[in-house]
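Enquirer: Sequence:
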Amino acid sequence: MQTFGFNIDELFDCFITSGEVGFRKPDPQILQFILDRYPQVQNHEIVYIGDSLAKDILCAHRAGIRSIFMSYCPSNVKQNYQSLASGIIPDFTIVDMRSLPSIFKIMDDDVAFIQSLGDPQIIKSYRDILQQLPSQNRMRVGLLQDGDGVNRNDQFHKTGLLFEESDMQFIPMNLDDPFELNGRLDVMINKGQDIIADYYTEEGSKKAERLRNYINQHKMVVIDSLEGAMKLQSRKTFLTMVGEMINEIKQQNPGHLICEKLKQANFFCLKNDFQDQESVFEQYKEQAALQELKYPIIVKILQASRNSYSHNFYAVSSDAGLRESLAYKGFKDEILIFQELLKHQEVFHKLYIIGEVYDVAVKRSIPHLLVTSGDYFFFQTKMKFDQSSYQTFEKINSFEDQYVSIIAKALVEKYELQLIGADILIEEDTGDLYIIDVNYFSSYEDLTDEKVRNSFKDLIRKLNYQNKISQQ
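Counting in the working numbering, the final residue of the sequence shown is number 504, and the numbers go up one at a time with none missing.
Please keep in mind that the hints were generated in silico from the structure rather than gathered at the bench.
Wrong hints could be hidden among the right ones.
[As the list claims (entries may be wrong)] Below, simulated PhoX-like cross-link-like pairs (lysine-lysine); rule was C-alpha separation at most 25 Å, straight line: (1) Lys364 x Lys303; (2) Lys489 x Lys251; (3) Lys317 x Lys263; (4) Lys190 x Lys483; (5) Lys414 x Lys361; (6) Lys441 x Lys263; (7) Lys57 x Lys87; (8) Lys414 x Lys483; (9) Lys239 x Lys263; (10) Lys416 x Lys395; (11) Lys446 x Lys263; (12) Lys110 x Lys238; (13) Lys239 x Lys295.
[As the list claims (entries may be wrong)] Have a look at the derived ranges for each label pair, beta carbon to beta carbon: (14) Glu459 x Glu235: 20 to 30 Å; (15) Ile290 x Asp208: 45 to 55 Å; (16) Gln61 x Leu149: 27 to 37 Å; (17) Leu213 x Glu432: 23 to 33 Å; (18) Ile290 x Glu448: 18 to 28 Å; (19) Gln434 x Lys494: 23 to 33 Å; (20) Met129 x Glu459: 15 to 25 Å; (21) Met129 x Glu388: 28 to 38 Å; (22) Ser237 x Asp141: 41 to 51 Å; (23) Phe55 x Ser340: 16 to 26 Å; (24) Glu280 x Val109: 44 to 54 Å; (25) Tyr497 x Pro133: 39 to 49 Å; (26) Lys500 x Pro133: 24 to 34 Å.
Note that beta-carbon positions come from the ideal geometry of N, C-alpha and C, so glycine has one too.
Just need the whole structure built from these sequences, with the hints factored in.
Expert: Spelled out as structure tokens, the structure:
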């Protein structure tokens, strides 16, 4: 708990060790020992937090107290599935201790409700009226994440999806779950495309089919569909869609000065046969001549994520640099994207979209000097450059809102995704706008926490309401 910033001495007045109690979980005598020691404490004022449904949560329920299940422990997974199937359902489920303050607040609302009933007998046996409690009658939102979800917790913390609300609770899930054990869900937030590295494998297809059946059974809202999010796994697919989207925007807005500024960076793909590098080099030269693709270029693999080398790039300025990039071990036998690198004053604009809400952050790009001073430059997405390396960067948002609104609306409609974003360059000499990358469920690291959290939860409420109305 200290790892997550909790001061144990401030949180707890007393510690009781298992040796003092003399009982083993799930024997409720463990908790009765505590109740006997503190007779002024009532059952509904105690909460049991544990990672085993069969031991911790069952112990809590037998003793008549509240339960919070920590679902991150891989060693208990099989046993926990069996416990869920047998009806041991925790009152709350979390994957991160940062969720606790918001859950305690929800529990306070439950206590106020219980006390308003004015019946001491009900207070002592409150688990008999559990389903009447405010906390148990909220919108149920599933968080579909990678594996046990732990590596997504910081992102969910940023977006507010670790904080329970009076009208909204969150249920951690992953694609290996027996979904039906989670019961009814109203909304599912999907990071599922990150779980299946290859969506089209037999195993991945089976998992996706089980998920679809579960969604259809409960007629729930999904933000966003697994199939939609998977489009962004292939850089070729989403870049091709960018070109289609730009053409559609121009057709819908003929002669519009802003729309005419939208362009697509030149690109093509080749398989990098590691055993025949010279052939790949010659294929590149031939294709580049046909498409008039000139140096400098960016070289990267086809798969946008879930590959160790997805976020490794080469900025290439010459034939010698191209040969170097083709020989890189991370590009061995991969399909490579060769994309035009535009001169853009060392800055790019990151567009974040959450449903109808959008915002733009100004980000540092690659220092121009590093790109032009040699045959190639290797870099990674999160790489930080010394500020002295930059010659022209200015943190100025050059986007007019008209640009942003047109692009944001078009991205949501084209990709049929609510949680989408894009990286946009403004060409230095022409002022043309180039959408060079599209991403799903970004980190939103450049936006204020409050704006992101409110936008996420407003989107969840809105789509759930629309779904309920459509089913009437």
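Enquirer: Out of the numbered hints, which ones does the structure contradict?
Expert: Hints 3, 13, 14, 17, 20, 23, 25 not satisfied by this model.
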